[in-house]
Every structure is written in C-alpha cells, then in structure tokens.
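K.L.:
Chains U and Y supply the protein sequences, listed in that same order.
Be aware that the first sequence starts at 1, since it is given in my numbering, and climbs by one per residue.
Be aware that the second sequence starts at 1, since it is given in my numbering, and climbs by one per residue.
No lab work stands behind these hints: they were computed from the structure.
Be aware that a few hints might be false.
Claimed, not checked - Coverage of chain U stretches by chain Y, computed from C-beta distances (three or more under 8 Å per stretch; other residues unrestricted):
| no. | segment |
| --- | --- |
| 1 | 19-28 |
| 2 | 59-67 |
| 3 | 89-103 |
| 4 | 136-147 |
Ideal placement from N, C-alpha and C gives every residue a C-beta, glycine not left out.
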Amino acid sequence: MSAARRIAEDGLLVALLFAAQVGLAFLPNVELVSLLVMAYARQLGRRVFSILMVFILLEGLLYGFGIWWVSYLYVWPILAGLSILLRKAGASPFAYGVLSCFFGFSFGFLCALPYLAGGPAAAFSWWIAGIPFDVVHGISNLVLALALFCPVCRVLQQIGSGWQ
Amino acid sequence: MAAAAVVLAAAILLLFYFAFRPSAQAGAKHISLEVVDASGGSAFWEADTDASYLEQAMEEMDGLSFSGSRTEAFGLMVLTINDITADPQTDGAYWALYLEDTPCSYGVSSQPLEDGQNYRFVYERFGDWDGES
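Could you build the full structure based on these sequences and the hints that come with them?
P.N.:
Below, the structure written as structure tokens:
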C-alpha cells in the first residue's frame, strides 16, 4: 500500500472515530469509540495506535487539555492492545463484546489514576462518584458491540482491501 | 458464564458505590454560591439551609433562578442560570460546578452539602478548562 493511500485512509478512520465521539457526546457514557477502536485493532493491527494518537490529540484540541486528557493517552491504547491480543487468540466477536463491557466498567477507575496527583483520596472519590456512569458505560458497550461489531468489521474489511 | 461475570462485576461496582459514596450532612448548614458569567462578572449568594443536596439549597436562594434538562438517573443538568444559557449542544459552553477550586464529581441534584462549603458555577467554553478553576 502506498504511503499516500495509507495516510488518506488513516485520516478517514480518525475522522470517523472523532465524529462518532462528538456525535454521541450528549449521551452520558454511551459511545461508539470503544466499538470502533476494537474493530480498527482487529482489522488493522498495530496501525490502530497511530490513528488513536491523532484522535486523542483532536479530543484535546476540542475539549481542552485537562487532567482527563492524560487518561486518554493510555485508556484507548489499552483497549486497542487487548483487542489485538484477542485477535491473535482468534477470539469470537462475543469476546470483544465482553472486553468492551469490562472496559466500560473499568473506565472510571482507569481515568481516576491521574487524580492520584491530588492524593489517593481524591482519585478514590472521583472513581466512586462515577461508578453509576461506568455501569451504564459497560452495559451500553456490551449491547453496542453485540449489535454492531460484526457489521463494522465487515465494512472495514470491504473498504480496506490491501490492509494487512 | 460471561453473562454471570458481567452481572457480578456490575453488582460489585454498585456495592462499592453505595458503600463509599459521600453522604449529605444532616441539619443546618451555611453555604455560599458564586456564579461567574461569560464576561467574568460574578454574583454571590449565601444560604442557611437544612437541604441535603445543592439543588435544594439553590432553590432557597433569593434572586437565583436556574433550569436545565433532567434525567432520572443523573438529576438536573444546569443549562441556564439567571437567564444566561450555556448549552453544550448549541453554545459550545457549559456551566462548570466547583466546590472550592475543585470540579465537583456530582451534579447539583446529588452534590451532598456540608457546613461551610463554597460553591461556584463558572461559564466555560469547550477548550477553556486546563484543569484549574
């Protein structure tokens, strides 16, 4: 694949990821980013990390580079890395749904880590306050992944001849 | 098996939440609220209240009006204060709620009150916030 085509494709995939995030921002913790990250990781392998870095930069430019942004530097790559491991293990789409669910459940915990700078109590209270949102996040991730993961992967496969 | 693990994980998380979430202080409390608008102008209220949560105390403050969208799960999301609207969907802005200088972890409906607390609502545009109030 030529470098130009790859850059263009990556740009489109970043745009899709970003549009999915902004488009559903009005729904608390119901998002398609997890689904797309897993699908990208499954179809593109390690190439997903460069897409994620641009996406994370765009998030910071839109919403501001607050403490929350630091957590984005590792939460999405963790999900992508685990998805790549599932791909290597030949896991079923259902396994990606379960991964997505537990990622949602642990999202607040992972995002609380930068708040350790303010002391363990600050990080702990921040995590506890967000638990109801994490439960919504995990369950909605599971439903969305079970419904959409296979179709999204099929579409990526169709438009991505030459990937991998 | 996986379904059971999901239900178990959700149950454990909710157990943690109900075990460790902060509870409101009963009885009389004195709190203050400052509202900082888009131009940096501010207005200030104080209240002596028995309310458990911030929303109830705000309702008792003379000259303060507020409204927004309410969901059963998350309570009131404040969009308008004293006729100044900061709607993330249409204005690219929001009313940020601070306790002292720390962003609140809860919305007004579930922010527990304690005596002597100082709250601030600050009109902020996306991209403004840098982690400091």
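K.L.:
Evaluate each hint against the coordinates.
P.N.:
Here is how each hint holds up against the structure:
| no. | hint | in the structure |
| --- | --- | --- |
| 1 | 19-28 | holds (count 3) |
| 2 | 59-67 | holds (count 7) |
| 3 | 89-103 | holds (count 4) |
| 4 | 136-147 | holds (count 4) |
Figure legend: structure checked against the earlier numbered hints; every hint is met.
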